Each structure stands twice: as structure tokens, then as C-alpha cells.
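Engineer: Based on the sequences and whatever the hints tell you, model everything.
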Amino acid sequence: MDSPSDESLLARYRTGDAGAFEILYARHRQGLYRFLVSLSSKAELAEEVFQDTWLSLIRSTSQPQGRASFRTWLFQIARNRLIDHWRKHGIHNPLHDSYDEQLHGQPDGSAGPEQLLSLSRDQDRLDAALQALPEDQREVFLLRLHGDLEVPQIAELTGAPLETVKSRLRYAQQKLRRLLAEEVPA
Amino acid sequence: MTDSRNPQDPNDDVLLQHFRQHTRGEPPASLDAFILAAAHREAPARQPNMWQRWLQACQRPRWQMAFATVAGVALLIGVVMRSPVPTPELSTADYSASPPALARPAPTLAAPAPIARFAMAPQADSAQVQAEVAGAAVDAPVAKMSKQTAATLPFLEQGLQEILRLRQAGETKAADEMLLRLHKRFPKEDLPAQLEVLQKR
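Chains A and B, in that order, are what the protein sequence lines are. When we follow our numbering, the leftmost residue of the first sequence carries the number 31, and every step to the right adds one. When we follow our numbering, the leftmost residue of the second sequence carries the number 200, and every step to the right adds one.
Since the hints were made in silico from the structure, they are not lab data. Please note that a few of the clues may not be correct.
To be verified - A few chain B residues that don't get close to chain A, going by computed Cβ distances all over 10 angstroms:
{"no.": "1", "residue": "Phe218"}
{"no.": "2", "residue": "Arg245"}
{"no.": "3", "residue": "Gln255"}
{"no.": "4", "residue": "Gln263"}
{"no.": "5", "residue": "Met377"}
Said to hold, decoys possible - With a Cα cut of at most 16 angstroms, we get these calculated EDC-like pairs of lysine to aspartate or glutamate:
{"no.": "6", "chain 1": "A", "residue 1": "Lys72", "chain 2": "B", "residue 2": "Glu225"}
{"no.": "7", "chain 1": "A", "residue 1": "Lys72", "chain 2": "A", "residue 2": "Asp47"}
{"no.": "8", "chain 1": "A", "residue 1": "Lys196", "chain 2": "B", "residue 2": "Asp212"}
{"no.": "9", "chain 1": "B", "residue 1": "Lys372", "chain 2": "B", "residue 2": "Glu356"}
{"no.": "10", "chain 1": "A", "residue 1": "Lys196", "chain 2": "A", "residue 2": "Glu186"}
{"no.": "11", "chain 1": "B", "residue 1": "Lys387", "chain 2": "B", "residue 2": "Glu356"}
To be verified - Which residues of chain B face chain A? A partial, calculated answer using Cβ under 10 angstroms:
{"no.": "12", "residue": "His217"}
{"no.": "13", "residue": "Arg223"}
{"no.": "14", "residue": "Glu361"}
{"no.": "15", "residue": "Leu363"}
No experiment lies behind these values; they were computed from the predicted model shown. Just so it is clear, CB atoms sit at the ideal spot from N, CA and C, and this is done for glycine as well.
Structural biologist: This is how it looks when you write it as C-alpha cells:
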């Protein structure tokens, strides 16, 4: 039997089925939390935005509109909440920085496919590599990584052109491969 | 990057898998508990389905009265519409099952019914019995007719008969007075002629 879709679970919760929310929450809690921690770089802020996101979903009566999936909708709510927090506290929104992708997206000849098997597994190094990415590239990569969103969904969520999202994602992955590459013992 | 939906090459997918496998970080258990408790607390009231709504309606006194009334009317109509005509088999069984003692006439009866006598004397002359039956059949309507005619006799004829009775009893004075009263009441009638006709009967 196919598991129920996110949208049907949300609809069931809206009619009073609290168990449907538990399934929905279990599916997305980890990805959303990791997305927020990586994007904000602060665990406390991530927890606050995480809580606000789920509470607004609980208290709202709205549903994903149009072709938007529940996941896109959820991550968009979280992203908007984070941006609201930055605005509220007078923090410059790093996601709106203009970025010269050509300059930062130089081809990296040292990260060949043969080195993929030797990517660092160290958690701190993974985190450091993510933090080393420009904000807009990091956001796109994190939405792909933790939200499991496709490029068109990311473009819709961020409001960026499709080709821009593609290039951001490509440059982010090239840089991550370079940063995480380890020497393979001979 | 040949597909807009999946721009990554297989190496990019490996990179994503690598991050997914080695990235840690979970929301605190207290945060999970808080959000789930809020979800349960603020979940909309569950809407009952049609069957549950029907049951709830049945539990309300007003609807109970309505349902009871409808059921009572339906029962009444069912009873009224049911025809109590016995089947032929049933009537035959009733007659055949009647005890012989009931078929016989009671000894105290002074005048048994003709049909009973017919059953008691099968050896009697059939013509005589038929005559008796016919006579009984005729007597009953005549008696009934005499009662009806006595009740409906005109006042004039009753008065004339009374006059004849008085004359026969020798009370001629009373008879004359009654004749006078009748004459006042029916001045256009030929009372002496009617008295003669009545006397001749």
C-alpha cells in the first residue's frame, strides 16, 4: 500500500486527524532542521525558526497553492521566517548579496571523479565546507540536499531564474568537492 | 546538465549522498515534544462522518420524538392495511374441527332451527322438510315486515282501527268521539267508507 502523500496528510490534519501531523512531522523534521542550522549557522536561531515554521503550519488553515508541493511550501515558510528574523534584528540578508558566479565558479581540476570516494567524512570539515560557500550557492545546495527539491522547485521557492539556480548549484558542488577532497593513500 | 529537472551528473548525486550520510543534527527532543503537543492541542475538532452525525441526531430528544412518531404511524398503517380475510383452507378446517356436540341442537331448545332439524332427521320426507325450510324462510321476512308496517302505519289507519275496536267493545260513545276527532283532523277523508273497508278485512 502506498504511503499517503504529504498533501493528503496535511488535509487530514486540517480535518482533525492529529496522527496525520505526526507522520508529516516525522518525514520532514530532520531535513528542515538541518537546512535551517546550515543556512543560519546558529543552532539556537535554527530552533526558533524551526518551531515558528511548524507552529504557523499548525495554526494556519491554508494549503500549498497551485503546483507547489508540501515540501516546497514548508521550506519556503522556513526561509521566509529566517529572512524575517534577519530583518527584525537588523541583520543584512546574506541571501540577497549579489555574487559573481563566474569569479567564484572557477573549474577545479583537482576534484576529479576518482577523488569522490575519498571525500572527507569529518563532520566539522563538512560544516566548514558548507560555510565556505557563498550564501546564495549554499542556500540552493542546502535546499537540494535537505529539502530534496528539484531545480525548478528551488527556482520557484527562491524566486531566482532557473538557469541561475542551475549555475549556483553547479558551482557549489564543484567547490565542495574541492574543499572535501582528501589524498587517497597510495 | 542535460535535463532541467536533474542537472547533476552522477558525481553530483554521490556528493549529495555523501553529505546526507555524514551530516548529523537533529531537533532536540524537547522541541519535538513541544511541536507535537501543540499539534494535538490545536488540531481542529474532528468532523463526524454521516453515520456518526445520524447517531447524534438520534440521541437528541426532539429527533427521538420525531422518529418514534414516524415509526408509530408506519406501524399503524401496516396494521390497518393488513386484510384479515381468512383463507378457504382455514374456514374449512374450522368447520370440520367443530365438535359434534355443538352440531347437535341443545335439548332445551323448544324450536330448533330448521337447518338443525334437517340434520337430525335425514329419513324424513324431503318435501316436507323443504316446505318447512321455505316456510321458515318466508316467516322471518313477514314478521320483520309487520314490525316495520306497524311502525310506519299512518296515524289515520291506527285511529280507524281503534274506532273499530271501541265499537266491538261496545263503547260506541268513545268511538264516536274518536271519529269526530279524526274527522276534524282529516276533513277531506271519507272516514265512514274507510271504516267499512277496514271492517271487511
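Engineer: Would you mind marking each hint as holding or not holding in the structure?
Structural biologist: Status of the hints after comparison with the structure:
{"no.": "1", "hint": "Phe218", "verdict": "5 angstroms, violated"}
{"no.": "2", "hint": "Arg245", "verdict": "3 angstroms, violated"}
{"no.": "3", "hint": "Gln255", "verdict": "16 angstroms, holds"}
{"no.": "4", "hint": "Gln263", "verdict": "27 angstroms, holds"}
{"no.": "5", "hint": "Met377", "verdict": "102 angstroms, holds"}
{"no.": "6", "hint": "Lys72(A) x Glu225(B)", "verdict": "14 angstroms, holds"}
{"no.": "7", "hint": "Lys72(A) x Asp47(A)", "verdict": "34 angstroms, violated"}
{"no.": "8", "hint": "Lys196(A) x Asp212(B)", "verdict": "14 angstroms, holds"}
{"no.": "9", "hint": "Lys372(B) x Glu356(B)", "verdict": "19 angstroms, violated"}
{"no.": "10", "hint": "Lys196(A) x Glu186(A)", "verdict": "13 angstroms, holds"}
{"no.": "11", "hint": "Lys387(B) x Glu356(B)", "verdict": "15 angstroms, holds"}
{"no.": "12", "hint": "His217", "verdict": "5 angstroms, holds"}
{"no.": "13", "hint": "Arg223", "verdict": "6 angstroms, holds"}
{"no.": "14", "hint": "Glu361", "verdict": "99 angstroms, violated"}
{"no.": "15", "hint": "Leu363", "verdict": "104 angstroms, violated"}
Checked against the numbered hints given earlier, the structure breaks hints 1, 2, 7, 9, 14, 15 and satisfies all the rest.
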